[in-house]
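Here the protein sequences come in this chain order: A and B. Just so we're aligned, residue 1 is where the first sequence starts under the numbering used here, counting upward by one. Just so we're aligned, residue 1001 is where the second sequence starts under the numbering used here, counting upward by one.
A portion of the hints provided could be inaccurate.
Derived DMTMM-like pairs: lysine to aspartate or glutamate, alpha-carbon spacing no greater than 20 Å straight-line [to be verified]:
1. K1086/B to E494/A
2. K495/A to D1160/B
3. K1083/B to E4/A
4. K1083/B to D492/A
5. K264/A to E4/A
6. K1083/B to E140/A
7. K261/A to E140/A
8. K495/A to E1126/B
9. K1086/B to E501/A
10. K42/A to D135/A
11. K1086/B to D492/A
12. K1234/B to E1219/B
13. K1080/B to E501/A
Some chain A residues flagged as far from chain B (calculated, every beta-carbon gap over 10 Å) [unchecked claim]:
14. E99
15. L102
16. F180
17. I351
18. R563
19. S566
The following residues of chain B were derived to be distant from chain A, with all beta-carbon distances above 10 Å [what the hints assert, rightly or not]:
20. S1014
21. A1019
22. Q1075
23. G1143
24. S1190
25. W1210
Hint data in this document are derived by calculation from the structure and do not stem from the laboratory. Even glycine gets a Cβ: it sits at the ideal position worked out from N, Cα and C.
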Amino acid sequence: MTREELRTMAMKEQEQKAAFRCRLLVCYSSPCLSSGAEAVYKALLAAVHERNLDVEVDVTRTGCVGPCSRGPLVTVRRPGCEDVIYQHVTPEFVVRILEAHLVENRPLTENVLPGDVPFFAKQLKVVLANSASIDPESLESYVSMGGFTALSKVLEEMTPEQVVEEIKKSGLRGRGGGGFPTGLKWDLVRKAQGEKKYIVANGDEGDPGAYMDRTTMESDPFLVLEGMAIAAYAVGADQGYFYVRAEYPLAAERLAKAIKKAEKAEILGNRIFGSSFNFRVDIRLGAGAFVCGEETGLLTSIMGRRGQPYPRPPFPANSGLWGSPTLINNVETFGNIAPIINRGGDWYASIGTEKSKGTKIFALAGEISNTGLIEVPMGITLREVVYEIGGGIPGGAGFKAAQTGGPSGGCIPADYLDTPIDYDNLASLGSIMGSGGLVIMNDRSCMVDVARFFMDFCRDESCGKCIPCRVGTSQMLGYLEKICNGSAVMEDLEKLRELAEMVQETSLCGLGFTSPNPTLSTLRYFRAEYEAHIRERRCPVGVCVMSEVPLRELVAELPRRIREGSKA
Amino acid sequence: MSVITVTINGIEGSAPAGATLLEACRQNGVELPTLCHLEGLTPIGACRLCLVQVEGARRLLPACVTEAQEGMIIQTHTEKLVKYRKMTLELLLSERNHICSVCVANGSCELRTLCAQLGVDHSRFEYRCPDLPPIDTSHERNGLDHNRCISCTRCIRACDQVEGAHTLDMEGRGIENRVIIDMHQTWGSSRTCTKCGKCVNVCPTGTLFWKGSTVAEMEKEVGFLQWIRGGREKKTWSYL
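With the sequences and hints as input, model every part of the structure.
Next comes the structure, spelled out in structure tokens:
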């Protein structure tokens, strides 16, 4: 394919789509599919066919629209009109939508999602810009929205150094959680000595409640592939691996199709856009271990070994896959690359805060009215996210805490609702940006129970290589369980804190040294709750069942239990 | 061979270029506790006992896998480091069932020696007392007792890297991990085991033992590792 052919393909697709009288876009990402989007799509196709509207009406399966709890979502797009988004669409209702828009020419008023709600107005979409409009499985669809122009521009007009400079200028930081400057990482790999270099996309998203990467892969697989190809050109790699967890079958399937289509169109493979640049991508499926999302664990997994991290340095930038320099970035990071190349690093750097540039995708979950996927500029306050985009806490309950970064992150209490969200602010609050899970908790959540839940997750997911993480998480979970069931004494709290600090400082990899974060942050902001559990043996919100007593009191407790047992 | 200068606990010392921090410390008379490390096996930095503080580094670094650099300033026995080492040992003691009085390796156990050196005589943490698979004595010479295992993987590495049999491996993850034989079968039924006994000799505790030895009778010999490795590197044994 040449640049000219790319342009022709885009124009042809745009003309084709513009010719339709009406376009019906059915959201076809996992959340909507799980609430019945497939039946809606089939009913819609049948209804269109029945009414002989095939030439006038286009039915497209698209990527994620955002308000996932309101799915299945159907968008009606007509030239010269504003988009109308319908929520909770059923197969029967979608036929009514079709009739109303095409026969009666009057949009329905039921189930309409107002387009000017803060949910949409407050967002700024860069990575997910095309997600709600394109068919993720169609190369033409992606190209029609300006796809692969960045790659062709890079190959024809820019040197690898210039590409790295542009990424550096943008201020983009790794979206996997750590926040390492992406441009700097690319520069390290570019300068590293090695005949063979590799690109790895980390799509092993494992945080409970987070699905940003899954959606990015499902909704716009070509965008991520384009980002990878640009990275490969910049650092001098010719082989890429896309590491997707096997629990994301749809993402893996769409990526596999995307790779095949791109290879067929000669956008991936040998002599891309007529240049001397070659790049192949292979998919590797992860078997579901959380620790394989850690970069060194992921690399050992790709190499077919037991998925366990190894100590850094040497960093993967110098010695990664099979000892070769390897660039490993998160899926969302790669999603930012094409927009940066197309619109310039300066444009990207104009979004966000001083040290955190651009936008970030968050998965809003928990006790909040609008759960779903949002992309917001860095520096937005938690209050805006919770009360404007999220629509507040349902059921008249109050906001208690927001948990960012999954099991590696911490809980942010209501006092810090006005803190701008960026890497450094979250870190100073004892949490992390993480990959972007944002779980909102109302005042009926017990923070000790929350800490216990995340510790249980970390204990289960610890690979077992280093002692602090393997045994420490298990011990910490034991103390948290004791606090939750009423058998803890104050010394246990002290031991818990001591262990948390030790595990944080001495563990081998990110899983270990961030695993105490939920415990430490809840201890920091909700210590009174811990003390109520221990000193007063009561759970302030009534979540924990205090069925046990501390060991020291067991002697006094036993006769009572025996009496009660004999009565029963 | 070029030499670099490092400052260990305020005293300047030298080490050959390319040496690890652990080697640099030991060559300068500073002893660091280790469990997963063994001269002759690939270091993995897993036990976290040899963690040291390097000036300018954000985190504590495992001395066994960190290369010494010119001018490094290292602290090896700060109050915090000593506390963490003790806690690590306490965690190990609480993990499985370490009952020295009935252990074959009583007297030759590296875990117990380290505990004695660092003054750890019990664990403040709850003993987990896990229910582990039964002792495997199906092998004609060796026995495997999961109660004493500290998951250092020295046996696995010796079997794979020195003997080349890869009979031993690890199953499960986290606290549920266990050393297994071949495809999780009894040791006696293994067809890959060469009965060389290297695994038994490198085991720091009483997990792997010679059959027939009773309490405190196990003696282990690890010097052979360097001898074999050295012989291979220098091509001492050549049939050509």
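Results of checking the hints against the structure:
no., hint, verdict
1, K1086/B to E494/A, "holds (17 Å)"
2, K495/A to D1160/B, "violated (39 Å)"
3, K1083/B to E4/A, "violated (67 Å)"
4, K1083/B to D492/A, "holds (18 Å)"
5, K264/A to E4/A, "holds (17 Å)"
6, K1083/B to E140/A, "violated (62 Å)"
7, K261/A to E140/A, "holds (10 Å)"
8, K495/A to E1126/B, "holds (11 Å)"
9, K1086/B to E501/A, "holds (14 Å)"
10, K42/A to D135/A, "holds (16 Å)"
11, K1086/B to D492/A, "holds (18 Å)"
12, K1234/B to E1219/B, "violated (29 Å)"
13, K1080/B to E501/A, "holds (11 Å)"
14, E99, "holds (55 Å)"
15, L102, "holds (56 Å)"
16, F180, "holds (12 Å)"
17, I351, "holds (28 Å)"
18, R563, "holds (29 Å)"
19, S566, "holds (31 Å)"
20, S1014, "holds (22 Å)"
21, A1019, "holds (15 Å)"
22, Q1075, "holds (14 Å)"
23, G1143, "holds (23 Å)"
24, S1190, "holds (19 Å)"
25, W1210, "holds (27 Å)"
In summary, the numbered hints that this structure violates are 2, 3, 6 and 12.
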